[in-house]
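There are 2 protein chains.
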Amino acid sequence: MDEQRTDIASLGEFGLIDHLTRNNETRQAGTHLGVGDDAAVIDSFGKQTVISTDMLVEGIHFDLMYTPLKHLGYKAVAVNLSDICAMFATPTHITVSIGISNRFSVEALDELYEGIYAACERYNVDLVGGDTCSSQKGLIISITAIGEVETGKYVTRSGAQKGDLLCVSGDLGGAYIGLQLLEREKRIFLESPGVQPDLQNKAYTVGRILKPEPRADIVTWLQEKGITPTSMIDVSDGLSSEILHICKQSNKGCVLYEEKIPIHSETKEMALEFNVAPSTCALSGGEDYELLFTIKQEDYEKITISEQISVIGYMTDADEGTILHTKGGNTHKLVAQGWTAFNG
Amino acid sequence: MDEQRTDIASLGEFGLIDHLTRNNETRQAGTHLGVGDDAAVIDSFGKQTVISTDMLVEGIHFDLMYTPLKHLGYKAVAVNLSDICAMFATPTHITVSIGISNRFSVEALDELYEGIYAACERYNVDLVGGDTCSSQKGLIISITAIGEVETGKYVTRSGAQKGDLLCVSGDLGGAYIGLQLLEREKRIFLESPGVQPDLQNKAYTVGRILKPEPRADIVTWLQEKGITPTSMIDVSDGLSSEILHICKQSNKGCVLYEEKIPIHSETKEMALEFNVAPSTCALSGGEDYELLFTIKQEDYEKITISEQISVIGYMTDADEGTILHTKGGNTHKLVAQGWTAFNG
Numbered sequence: 001m002d003e004q005r006t007d008i009a010s011l012g013e014f015g016l017i018d019h020l021t022r023n024n025e026t027r028q029a030g031t032h033l034g035v036g037d038d039a040a041v042i043d044s045f046g047k048q049t050v051i052s053t054d055m056l057v058e059g060i061h062f063d064l065m066y067t068p069l070k071h072l073g074y075k076a077v078a079v080n081l082s083d084i085c086a087m088f089a090t091p092t093h094i095t096v097s098i099g100i101s102n103r104f105s106v107e108a109l110d111e112l113y114e115g116i117y118a119a120c121e122r123y124n125v126d127l128v129g130g131d132t133c134s135s136q137k138g139l140i141i142s143i144t145a146i147g148e149v150e151t152g153k154y155v156t157r158s159g160a161q162k163g164d165l166l167c168v169s170g171d172l173g174g175a176y177i178g179l180q181l182l183e184r185e186k187r188i189f190l191e192s193p194g195v196q197p198d199l200q201n202k203a204y205t206v207g208r209i210l211k212p213e214p215r216a217d218i219v220t221w222l223q224e225k226g227i228t229p230t231s232m233i234d235v236s237d238g239l240s241s242e243i244l245h246i247c248k249q250s251n252k253g254c255v256l257y258e259e260k261i262p263i264h265s266e267t268k269e270m271a272l273e274f275n276v277a278p279s280t281c282a283l284s285g286g287e288d289y290e291l292l293f294t295i296k297q298e299d300y301e302k303i304t305i306s307e308q309i310s311v312i313g314y315m316t317d318a319d320e321g322t323i324l325h326t327k328g329g330n331t332h333k334l335v336a337q338g339w340t341a342f343n344g
Numbered sequence: 001m002d003e004q005r006t007d008i009a010s011l012g013e014f015g016l017i018d019h020l021t022r023n024n025e026t027r028q029a030g031t032h033l034g035v036g037d038d039a040a041v042i043d044s045f046g047k048q049t050v051i052s053t054d055m056l057v058e059g060i061h062f063d064l065m066y067t068p069l070k071h072l073g074y075k076a077v078a079v080n081l082s083d084i085c086a087m088f089a090t091p092t093h094i095t096v097s098i099g100i101s102n103r104f105s106v107e108a109l110d111e112l113y114e115g116i117y118a119a120c121e122r123y124n125v126d127l128v129g130g131d132t133c134s135s136q137k138g139l140i141i142s143i144t145a146i147g148e149v150e151t152g153k154y155v156t157r158s159g160a161q162k163g164d165l166l167c168v169s170g171d172l173g174g175a176y177i178g179l180q181l182l183e184r185e186k187r188i189f190l191e192s193p194g195v196q197p198d199l200q201n202k203a204y205t206v207g208r209i210l211k212p213e214p215r216a217d218i219v220t221w222l223q224e225k226g227i228t229p230t231s232m233i234d235v236s237d238g239l240s241s242e243i244l245h246i247c248k249q250s251n252k253g254c255v256l257y258e259e260k261i262p263i264h265s266e267t268k269e270m271a272l273e274f275n276v277a278p279s280t281c282a283l284s285g286g287e288d289y290e291l292l293f294t295i296k297q298e299d300y301e302k303i304t305i306s307e308q309i310s311v312i313g314y315m316t317d318a319d320e321g322t323i324l325h326t327k328g329g330n331t332h333k334l335v336a337q338g339w340t341a342f343n344g
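Protein chains in written order, with the working numbering: chain C, 1 to 344; chain B, 1 to 344.
Incorrect hints may have been included.
Since the list gives no way to pick one copy over another, a pair counts as held whenever it fits inside one copy or between any two copies.
[Stated by the list, open to error] Below, in silico cross-link-like pairs of lysine to any residue (SDA-like), each with a Cα-Cα straight-line distance of 20 Å or less:
no., residue 1, residue 2
1, K137, N102
2, K333, T280
3, K268, R184
4, K137, R103
No wet-lab data here; the hints were simulated from the structure.
In this text the structure is predicted, and so the values were computed from the model without any measurement.
Taking the hints into account, I'd like the entire structure generated from these sequences.
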């Protein structure tokens with residue numbers, strides 16, 4: 001059957017998606033956007049429906065040794081809602097399919113669903129469908145999120161213009177540090193099972209990895225202020241990777257200032273303990289689920305009102321490249337070193 | 001963590017879904033129907049959007065030894081579209097997430113997607129999103145299908161009334177026989193790898209299991225004739241199981257005539273070869289993906305025009321029970337012996 005054999009790893013995740021969808025055609029006149037952005041956009045007779053889907057696999061995307069099931073359920077929903085938010089849309093519905101091996105009890109699933117329902121409640125979203133089945137190994141969670149947006153008001157990754165300001169919500173790198181902390185405690189536990197985990201004073205970073213929040217509040221705030229970003233993406237794979245997505249899909253270059261990247265004090269402190277530059281955590285770590293977006297320069301004054309939004313750089317012509325200005329005054333080419341599920 | 005431990009198998013699939021969704025609340029005013037039917041129904045500003053989701057796991061739902069990947073891709077889509085059809089809606093969009101272990105090559109995935117795209121083309125549906133990731137073991141396919149229906153025109157499982165006629169499209173039991181044939185050829189192959197499969201003259205039943213078709217044509221035909229079923233479900237788990245779903249959710253009883261159950265000549269012939277009653281294949285086999293529905297008696301004349309629809313019984317009050325009239329003139333209580341993913 002397989003006369004030619006190309007390893008999936010040789011394509012990488014994005015390459016694989018590009019490859020698999022290269023011949024995809026749209027047939028419905030109402031389909032405005034299909035594969036290739038955070039979510040799809042289809043006409044819904046007055047408003048537009050936005051759809052996004054994600055699959056999480058035990059051992060690949062999460063480790064149940066340090067992920068409480070309730071948090072996992074919450075996070076699985078949050079990650080999908082984040083994709084809807086990244087379209088500048090409001091999440092409204094989800095469907096959840098789970099595959100479970102027989103080592104899970106009903107009580108364990110109840111915990112998982114407690115988290116799922118908690119996220120639905122927090123974000124005013126309805127769970128409207130699902131499927132449960134057996135898996136041969138481990139837990140598999142597949143969620144599809146649906147949202148709505150005023151017709152034509154959705155924001156893609158491809159609309160950034162030269163001179164637009166590059167902005168990010170919240171702070172970055174915390175989830176990466178939280179993961180390092182959990183991994184360290186896991187190693188200690190495996191070596192000396194009696195030792196209690198030492199996660200005191202690390203609530204912020206551990207919370208960032210275990211219970212991320214989609215930035216629906218940022219979308220609402222921007223909408224209320226009448227600011228429509230020219231491009232937007234959520235930060236799931238690390239800041240560099242996401243900036244490069246916007247540059248590539250908008251066919252633009254950028255200048256990013258290292259000193260402008262927002263990083264929480266706990267993240268900074270713990271990064272130094274792990275002997276890694278805090279900005280590296282932000283640039284190459286992942287799972288912060290903040291929103292990265294570009295705005296027109298004329299919206300700069302309005303943006304500064306929000307303490308939750310940082311301007312971290314600006315867009316240039318594509319031939320000016322993707323530049324990182326370091327704190328030390330040097331310039332580097334911005335490269336993606338984000339997580340990928342296939343190198344993971 | 002698990003002080004009480006309830007085995008998932010003790011609930012069964014439907015029990016588990018009921019259990020997990022027992023506290024599910026809807027918050028969006030536009031949500032007309034959530035969990036508990038073939039698909040969800042949400043308002044879409046003029047029409048209604050219908051959403052359904054399914055997960056297929058290698059070794060649980062399919063065996064790659066006798067399932068060509070192209071057929072698998074086609075079937076994975078078909079099964080989801082069938083759920084949309086069972087709401088009396090028209091499928092419009094799908095999202096596809098796949099988890100893959102590293103034993104799959106890109107060429108193998110191409111085959112899978114060829115089938116997915118073939119089904120999209122056949123049913124005029126757009127693939128609008130997806131996710132690919134690694135799995136620890138085997139292939140996992142999770143598909144969400146979206147469709148549309150005129151506001152208020154969707155058909156649930158719960159609307160059957162006393163006196164309504166019980167109808168089914170196409171014929172039943174073929175997929176079950178097809179599966180038995182494939183399983184038999186697999187055993188022979190494993191014992192004597194040189195022997196060529198003997199599937200000549202069995203194209204119909206093997207086709208029924210490998211390449212089922214959602215009955216979008218039946219939905220369109222009924223809509224064109226102005227017939228709105230009072231209840232509807234697709235036949236994925238076997239006729240008895242599906243009839244009992246309609247009875248339970250409509251709070252009705254039924255009388256089913258064994259002799260009226262439509263069965264293809266090849267199915268009959270092969271059933272006898274396997275020493276099983278053809279009607280047992282229809283009642284307890286699964287995966288035929290025909291539509292089972294109830295209509296008002298006044299629509300009887302119109303229904304008889306279609307050679308693709310059989311009237312197989314009628315609905316009664318709940319206290320009259322669920323009755324099967326056998327060809328031999330006896331009556332039995334109709335019981336569900338459908339496939340369930342957890343009894344595997």
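Cross-check of the supplied hints:
With identical chains, the CA atoms of K137 and N102 are at most 20 Å apart both within one copy (9 Å) and between copies (15 Å). In this homomeric assembly, K333 and T280 come within 20 Å of each other (Cα to Cα) only inside a single copy, at 14 Å, whereas the closest approach across copies is 68 Å. Within a single copy, K268 and R184 get their C-alpha atoms as close as 17 Å, which meets the 20 Å cut-off; across copies the closest is 63 Å, which misses it. For a Cα distance limit of 20 Å, the shortest separation of K137 from R103 qualifies both inside one copy, at 9 Å, and across copies, at 16 Å.
The structure meets every hint from the earlier list without exception.
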